[in-house]
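Protein sequences appear in the order of chains G and C. If you're matching positions, the first sequence starts at 1 in the working numbering and goes up one per residue. If you're matching positions, the second sequence starts at 139 in the working numbering and goes up one per residue.
I should point out that these hints are in silico values taken from the structure, not numbers from a laboratory. Glycine is no exception: its CB is placed at the ideal position from the N, C-alpha and C atoms. Among the clues, some could well be false.
Claimed, not checked - Chain C is nowhere near these chain G residues, computed Cβ spacing over 12 Å in every case:
1. M44
2. G50
3. L96
4. R106
To be verified - Some chain C residues near chain G, calculated using beta-carbon distances under 7 Å:
5. P246
6. F247
7. R249
8. P251
9. L306
10. G411
11. L413
12. F569
13. P636
14. S640
15. P643
16. Q646
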Amino acid sequence: MYGSLRHEIRIHRSAADVWALAGDATKLHTWFPGIVDCTVDGNMRVITMGTGLPMPEEILLIDQTQRRFQYRITAPMFVHHRGTIDVIELADDECLVVYSTEADPRTMALVIAGGTAGALAELKRQMEAPALAVEGAN
Amino acid sequence: MGRKILFITTDQQRYDTLGCNGGTIARTPVMDGVAAAGVRYERAHPQSVVCMPSRSTMLTGQHVSTHGVWMNGVPLPEDAPSVAEVLQDAGYRTAIIGKPHFEPFLDPFARFPENGFARNGNFGPHRGFEHFESATHGAAGPLHYARWLSSTHPEAVGMFYPVLDGSLEVNAMGGGDTGAPQAWVNNIPKDWYHTDWVADRTISWLDSLGADDDWFCWMSFPDPHHPWDPPASEVGRIDWRDVPLVEGYIEDKAERERVIDAKPRHYRAWYDGTLVSNYEAPAKWAPATLTPDQLREVTALNAVECELIDEAIGRVLAAVAQRGWDDDVDIVFTTDHGELGGDFGLLFKGPYHVDGLMRLPLIWRPAPSSSATPSTVTRPVGLVDLAPTFCAIAGLPVPAWMEGKPLPVDDGDADARGFERVLTEWDSDLFGVSVHLRTITREGWVCTTYQPGTAHDGTEGELYDLANDPLQRENRWDDPALAAIRSDLVADLWDHQPPMKSPLPAVQAPV
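Given the sequences, and given the hints that come with them, work out the whole structure.
Quick look at the structure:
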C-alpha cells in the first residue's frame with residue numbers, strides 16, 4: 001500500500017543559506033537525527049542509520065534553481081520511494097522547507113517521515129543558531 | 139521503611155478475563171486471591187484505548203490531551219513528568235520490566251532511548267526508572283527480551299507469529315486450527331516465552347535490592363495482546379472447541395449488522411473492511427469474515443495467555459513473600475486497554491469506545507500493614523488515578539501536574555471524593571483517515587461525541603445505558619427521550635475535558 005506524507009518548517013534564514021546545507025547530498029547526516037553517516041559516489045548515496053543499517057539511495061535531482069533535491073531509496077523492501085526536499089524563499093531572510101516522503105509500503109512513509117520531521121527541526125535549529133558558518137553559503 | 143509498590147500491567151486484557159470479574163474461561167487464582175484481599179474496581183476506564191497514550195497516562199497521571207501522546211507513534215517527551223521520578227526522588231528504588239512503550243517501537247533511525255538500552259548493553263536510567271528492562275510481543279526488535287532470546291536461544295526467534303507482514307502492515311495471516319487472524323502455534327518452550335521472562339527478570343531485580351529498600355516495580359507483561367501465540371505446550375489447557383462464544387458476539391448475522399449499523403459509520407466500514415482507521419488492527423482483514431470457531435480459538439488462546447500471566451505473578455508474589463516484604467507491599471494490577479474480543483463481531487482495537495476496550499480489570503491490594511478492608515468499587519475511576527495513588531501509598535503529596543486522584547477504597551470514599559465521571563479520548567490521523575472521539579462515563583451512561591473527521595461530520599455519537607444494556611447493543615444517541623441526558627453528559631464532558639496540547643506533537647512512527 002502506498003503512503004505519502006509531508007512536513008514543513010519556516011526558517012528565519014535566507015533560502016540560499018538553507019539550500020547550501022539542505023541541498024548538499026553529502027551533508028544529510030549533519031542535520032538528520034538518526035542518520036550517522038552518508039557517502040556519495042556519483043548519483044548513488046548510502047546513508048547509515050542509527051541502528052547501523054545501511055540504506056542505498058539514488059539521487060534523482062539536485063535543482064539549484066528551484067532549490068529542489070529528490071532521491072529514492074533503492075533497498076529491495078521498497079516497492080517505491082521518493083523523497084523531496086524543497087527550499088522555498090518567503091523573504092530575504094526567511095524560507096519554507098518542505099520535506100515530502102512517498103513510499104510503498106506506506107508504513108515506511110510514516111517511519112521515514114517521522115525522521116524528516118525531526119530533521120527539519122534540527123535544520124531550523126542549526127540555521128537559526130547565532131554566528132553559524134555554513135560552508136558554501138552565499 | 140515505607141510501603142513498597144508492585145505495579146503489574148498487562149496489555150490489551152478484557153475485564154471479563156479474570157475469575158474475580160466473572161470470567162469463566164481462564165483460571166486466575168492468583169489475581170482472584172489478590173482481589174479478595176483488596177479493592178476490586180468494576181468501572182475502571184483507560185483514558186485512551188491504545189498503548190502509547192494509555193501508558194503515558196499511567197506514568198504521568200495526566201489525561202491524553204495534557205501529556206500530548208494523542209495516538210500511537212507520538213513519543214512521550216523525554217522530559218515529561220513521571221511518577222517514577224517522584225518516587226525515586228523520595229528515595230524509592232525504581233524499575234520497569236517488560237513492555238514500556240512510551241516511545242515508538244518502529245525506529246530504524248534509533249532516535250528513541252527506549253530502543254537503545256539493549257543495543258548499548260545497558261538498562262536505563264530513563265524517566266525515573268533506575269532499571270529499564272524491556273520486552274514486547276515477540277522476538278523481533280531492539281528490546282532486551284529480543285536481544286536475550288536471540289543470544290541465548292536463537293532457534294526460538296523464528297517461532298513467534300510475525301507481527302508485521304511483508305509490507306509492514308499488522309499481519310492478517312491466519313493460523314491455529316481455524317485460520318483465525320494472529321492465532322499461531324508457537325513452539326517456544328514456556329520458560330523462554332516473554333511472560334516467564336518478565337517474571338524472571340522482575341524476581342532478579344527484586345533480589346538485587348536491600349531488605350530495607352523501598353521500591354516501585356512496574357512489571358509489564360506484553361500479553362494477552364495479539365498475536366495469540368502462547369507456547370504450544372500450554373495450548374492444551376483450554377480446548378477452543380469447548381469455549382463458549384463471548385456474550386458480546388451476536389451469532390445472527392442480520393442482527394449483528396443491525397446493531398453495528400446503529401453505531402457511527404466507521405464501525406460498519408471497518409467490519410466490512412472498507413475503512414481501516416488505525417494501524418493497530420490488520421488492514422487486510424475484515425471482521426465480517428470472523429467465524430464463530432475462529433472466535434472460540436482466539437478466546438481460548440487469549441485465556442491461555444491470561445493463565446500464564448497469573449502463574450507468573452504467583453511466582454513473583456512468592457519471591458516477594460520470601461524476602462519478608464509481603465506485609466508492606468501494595469499490589470496494583472491493571473492493563474492499558476481492553477480487547478474487542480468478538481463483541482459485535484469485532485476483534486483487536488480502534489476508535490470504538492465500548493466496554494470491550496474501555497472496561498478494564500483493576501485491582502489494588504493495599505499493603506496488609508495498612509489494615510485496609512477488602513471492598514468493591516462501582517464508581518468510575520481511570521488509569522489517570524494510578525500515579526496519584528502511588529504517591530499516596532508512598533506518603534507523598536500528589537504533584538499539581540497530576541490530573542487524577544488517589545483511587546477510592548470503597549464507594550463511600552469515592553462519593554466523598556467526587557469520583558463521578560471518567561473520560562476517554564481518541565484521536566487518529568493516519569494515511570488520510572482522521573477520527574476523533576471524546577467519551578464520558580457517568581451515572582451508568584457511556585456517552586461518546588464525535589468531532590469532524592474524514593469518517594464523521596461531527597454530529598454522530600453514541601449513548602448507552604449500562605444498567606439496562608450492559609452489552610451496549612442499542613445506541614440511543616438519537617433517542618428523543620434521552621435528549622436532556624445526552625445534552626447534560628456532553629456538557630459535563632466538555633466541562634472536564636482538558637484542551638489538547640498545542641502545538642500538536644508529531645506522529646513519528648506507526649507504533
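> With a cut-off of 7 Å, does the beta carbon of C:P251 approach a beta carbon of chain G closely enough for the hint to hold?
Replying inline: violated (11 Å)
>> Holds or violated: the hint that C:L413 contacts chain G, with Cβ atoms closer than 7 Å.
In response: violated (14 Å)
> G:R106: least C-beta distance to chain C exceeds 12 Å?
Replying inline: Answer for G:R106: violated, closest chain C Cβ roughly 6 Å.
> Holds or violated: is there a CB of chain G closer than 7 Å to the CB of C:G411?
Replying inline: Result: violated, 13 Å to nearest chain G Cβ.
> Per the stated criterion, does the least C-beta distance between G:G50 and chain C lie above 12 Å, as a non-interface residue requires?
Replying inline: violated (3 Å)
> Regarding the hint that C:P636 lies at the interface with chain G, is the smallest CB-CB distance below 7 Å?
Replying inline: For C:P636, the interface hint is violated, since the closest Cβ of chain G sits about 24 Å away, which is over 7 Å.
>> So, as I understand it, the hint says C:S640 touches chain G; can you test that by seeing if any CB pair is closer than 7 Å?
In response: Status violated, d = 16 Å.
>> Just to be careful: measuring from the Cβ of C:L306 to every Cβ in chain G, is the smallest value less than 7 Å?
In response: Holds, because the Cβ-Cβ distance from C:L306 to chain G comes to roughly 4 Å (cut-off 7 Å).
> Is the hint on C:Q646 kept, meaning its closest Cβ partner in chain G is under 7 Å away?
Replying inline: Interface hint status for C:Q646: holds (3 Å vs cutoff 7 Å).
> Holds or violated: C:P643 as interface residue toward chain G, Cβ cutoff 7 Å?
Replying inline: This hint is violated: C:P643 lies away from chain G, its Cβ roughly 10 Å from the closest one there, beyond 7 Å.
>> Next item in the hint list is C:F247. Is there a CB on chain G closer than 7 Å to its CB?
In response: holds (2 Å)
> Can C:P246 be said to touch chain G, with a Cβ gap under 7 Å?
Replying inline: With Cβ-Cβ at 5 Å, under 7 Å, it holds.
In summary, the numbered hints that this structure violates are 2, 4, 8, 10, 11, 13, 14 and 15.
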